[in-house]
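Position chain B relative to chain A; hints supplied.
Protein sequence lines correspond, in order, to chains A and B. In terms of my numbering, the first sequence is residues 193 to 638. In terms of my numbering, the second sequence is residues 193 to 638.
All clues given are correct.
As the list makes no split between identical chains, a pair holds if one copy fits it or if it spans any two.
The list that follows gives simulated cross-link-like pairs (lysine-lysine, DSBU-like), each with its CA atoms no further than 35 Å apart:
id	residue 1	residue 2
1	Lys559	Lys214
2	Lys573	Lys214
3	Lys636	Lys502
4	Lys214	Lys572
5	Lys635	Lys214
6	Lys341	Lys585
7	Lys284	Lys212
8	Lys284	Lys409
9	Lys482	Lys279
10	Lys559	Lys585
11	Lys214	Lys550
12	Lys606	Lys194
13	Lys502	Lys194
14	Lys502	Lys550
15	Lys572	Lys585
16	Lys550	Lys563
17	Lys573	Lys483
18	Lys508	Lys550
19	Lys285	Lys214
20	Lys576	Lys212
21	Lys452	Lys606
22	Lys585	Lys482
23	Lys606	Lys572
24	Lys572	Lys388
25	Lys260	Lys635
26	Lys212	Lys636
27	Lys273	Lys212
28	Lys260	Lys559
For the record, the hints were derived by calculation from the structure and aren't laboratory data.
Protein chains: 2
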Amino acid sequence: MKIVIIGGDAAGMSAASQIKRKYPENDVIVLEATQDVSYSACTMPYSIADPDDDIERLIVRAPEEFRKTGIELHLGHYADKIDRQNKTVSGKKTDGNEFSFTYDKLFIATGNRPFMPPVKGLDLYGVFPLKSLEHGRQIDRYLEENTVKKAVIIGMGYIGLEMCEALHTRNIEVTMVEAAPEVLGWLHEDLRNPVKKELDDKGIKYFTNTKVTEIEKTEKSFSIKTENKNFEADIVIASMGVVPNSEIAEKAGLELGPAKAIRTNTFMQTSDPDIYTAGDCACARHIVTKKCVWIPLALTANRGGRTAAKNILGEKSEFPGILGTAVFKVFDYEVARTGFNFHEAKEAGFDPVEVVIKTRSKAHTCKNSQKIYVNMIADKKSGKVLGLFMAGKEGVARRINSGAVAIHAQMKAKDLAEVDMAYAPPFSPVWDPVILAAGELAKKTF
Amino acid sequence: MKIVIIGGDAAGMSAASQIKRKYPENDVIVLEATQDVSYSACTMPYSIADPDDDIERLIVRAPEEFRKTGIELHLGHYADKIDRQNKTVSGKKTDGNEFSFTYDKLFIATGNRPFMPPVKGLDLYGVFPLKSLEHGRQIDRYLEENTVKKAVIIGMGYIGLEMCEALHTRNIEVTMVEAAPEVLGWLHEDLRNPVKKELDDKGIKYFTNTKVTEIEKTEKSFSIKTENKNFEADIVIASMGVVPNSEIAEKAGLELGPAKAIRTNTFMQTSDPDIYTAGDCACARHIVTKKCVWIPLALTANRGGRTAAKNILGEKSEFPGILGTAVFKVFDYEVARTGFNFHEAKEAGFDPVEVVIKTRSKAHTCKNSQKIYVNMIADKKSGKVLGLFMAGKEGVARRINSGAVAIHAQMKAKDLAEVDMAYAPPFSPVWDPVILAAGELAKKTF
Chain A
193 MKIVIIGGDA
203 AGMSAASQIK
213 RKYPENDVIV
223 LEATQDVSYS
233 ACTMPYSIAD
243 PDDDIERLIV
253 RAPEEFRKTG
263 IELHLGHYAD
273 KIDRQNKTVS
283 GKKTDGNEFS
293 FTYDKLFIAT
303 GNRPFMPPVK
313 GLDLYGVFPL
323 KSLEHGRQID
333 RYLEENTVKK
343 AVIIGMGYIG
353 LEMCEALHTR
363 NIEVTMVEAA
373 PEVLGWLHED
383 LRNPVKKELD
393 DKGIKYFTNT
403 KVTEIEKTEK
413 SFSIKTENKN
423 FEADIVIASM
433 GVVPNSEIAE
443 KAGLELGPAK
453 AIRTNTFMQT
463 SDPDIYTAGD
473 CACARHIVTK
483 KCVWIPLALT
493 ANRGGRTAAK
503 NILGEKSEFP
513 GILGTAVFKV
523 FDYEVARTGF
533 NFHEAKEAGF
543 DPVEVVIKTR
553 SKAHTCKNSQ
563 KIYVNMIADK
573 KSGKVLGLFM
583 AGKEGVARRI
593 NSGAVAIHAQ
603 MKAKDLAEVD
613 MAYAPPFSPV
623 WDPVILAAGE
633 LAKKTF
Chain B
193 MKIVIIGGDA
203 AGMSAASQIK
213 RKYPENDVIV
223 LEATQDVSYS
233 ACTMPYSIAD
243 PDDDIERLIV
253 RAPEEFRKTG
263 IELHLGHYAD
273 KIDRQNKTVS
283 GKKTDGNEFS
293 FTYDKLFIAT
303 GNRPFMPPVK
313 GLDLYGVFPL
323 KSLEHGRQID
333 RYLEENTVKK
343 AVIIGMGYIG
353 LEMCEALHTR
363 NIEVTMVEAA
373 PEVLGWLHED
383 LRNPVKKELD
393 DKGIKYFTNT
403 KVTEIEKTEK
413 SFSIKTENKN
423 FEADIVIASM
433 GVVPNSEIAE
443 KAGLELGPAK
453 AIRTNTFMQT
463 SDPDIYTAGD
473 CACARHIVTK
483 KCVWIPLALT
493 ANRGGRTAAK
503 NILGEKSEFP
513 GILGTAVFKV
523 FDYEVARTGF
533 NFHEAKEAGF
543 DPVEVVIKTR
553 SKAHTCKNSQ
563 KIYVNMIADK
573 KSGKVLGLFM
583 AGKEGVARRI
593 NSGAVAIHAQ
603 MKAKDLAEVD
613 MAYAPPFSPV
623 WDPVILAAGE
633 LAKKTF
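Chain A on its own, in the form it takes in the complex (with noise of 0.2 Å):
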């Protein structure tokens, strides 16, 4: 069998990986458009946040690696057309040639990109956004080629906190805008005001509702226009969001799903049951509502990409699907959500209830303890657990995937306060922030 694989990151390695491992008869190849496969993207603002550290290490694994498993790699190779009749994937190479493959089973795996907005100055230099290898490599480059004293981050989302701690480490000085009216709005304003005070510790200004207009080269530097007000920078981090790499697919005519990421049944087939999607450019199945959803997150990259190579290979296997689990730190701030918020559970037909506590990351007693703010949100009715949301200067990240397991396994609230957790001063209180609040959340459902 001929397996064509359109992007060679997370989603279409580990594919391409597992094919060639069960099955080594098959012929598998992939097609990546830049020169890179198999990195630590998520890795690059802690490497960035360090002059000496080179940010090739983060290359997992080199194109030859997985040359000699037997994949047919092609780098530099932009796939743009899909020929569902002939099962043909089409594109233009780097050097401008053009290529042609056919395929028995196609693999979509192109991923995201970054949302660029029509802004007049995005495309100037000293302007990135921070996605591929190539732009960290970029933003590398400039800051040891620059002075570089100040910063201007477009967009408060995980990347452009990350950038922000990234650069403030470098002892540059940040401002950050974004668009919409709040910091991290998805998150409980009890979580989200002592992270925005984390920032303002650390001497971070920020400016919300603030829509850049344009940025202009100045003689040393760029000027950032926004509808309020301008800044100044020597160099600028566009972080307003990913789109997923779905146009392909959507002129094949295979069905979008939200956000226009590439539609997907739980075996990770599109509408056409010879291509299959997975990762950052296609939807996946939310573990609580069943409906498909796009929330591009580099687990789901892996998992997807395992289980569409399952289904290639003729293993019926499904996606049990995602929750959105997350985790990303800022300053000393550690931010960790899985499931739904209240509003999102409202608005996926839930009556939601929810609470809010303030705990310790560790016993009272212990030095160093910290505050842990922690937003559990369970269906009134059923009692069933929906979300769990945690911030805290420690013991959050690691916390948060009992709550996902939780509503994995479709636990009320009543029963997961019930849940006989870990405890020794130095990790946490005699009872775990998880179980606290699920208990002050059970006496809120039926």
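Here is chain B on its own, set in the frame of chain A:
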């Protein structure tokens, strides 16, 4: 109603407080043998580690605070007899006088005590168990008033290892002796070995298969005699495990369970329906087997006390049970467990399968990423997760709870492997250690 509670620690005081909060019209009489109620016993090793720390700060609530809520609290009251016919508890006060109280409902929360075998010299001043706050005070005072250069710790359980770290932190040379053939025998050897290496790295000498036969006071120190070898020490910590304070129940003809802990039903009732029990003196139902077990831990005492209070008040409330979820720290190592290890699972009648994997606490591209060892156990036939054990220098303590939730929810390894967990380089590899282990384990189940 007149409710008498024997024991004013975690289980006793949480029950007393709850009863007074909900139905203040009840008389609540607490009989506490010592002078202390409500302190963080588990923090004592960390307080002792710091010569400048005042151990009195571990008192969470003073007796007066409880009395203000209407609890009739009697300190220095050692109860030693229950007359079930006349519903009377009697005993001796510290001043030698006798006391007697009648009850409508009785709650036994006598806790446990250090196991002290009949070894000559264990009662010498300078040889200390660590259970009560008074023990902590004595150790503190002894370390202050004496030149302590060498310590011998008898027993290598949680408390022994925590005290090892505490005394080592105070620049005391620590030697540990353990009667059992192995250190942490319940831990898979692949997890146990790195912990042992950590002890070696810190210069701790330890001897297994080494039973203490006598402790002798020499001119300036102690001579600890064992079957194989003698040791010198300026202080001795006796941490050879604990036994339940169940004699008062036994004498009253109440049924006992494993380890002679007081048998309970799920309503925390003893074999006498007017007598309840919980905490370190009592059995509790195991979540997996539904059988009575004795695993004395702080959260269990708090949960049990709460449940007992509800039932005493006539609200029918079942205690779902325990998993023995626990975590401790020895130097830089975190060790955590929940549920059954392979041998315990076998003994409980399962046909267990297990995996041990070695992975990392965070992305390998992150600096300070540490090795984590994960041992997961499932039932071969049903595929259900039965236990999770982890050891590593970081990222273990709070991860264990996701395993605890999974076991509570009776989740199969293959389903746990599909939980959408949080990923960010500073906190986790893309595949969290728990889902990675679950995925490997699922392959071994039907």
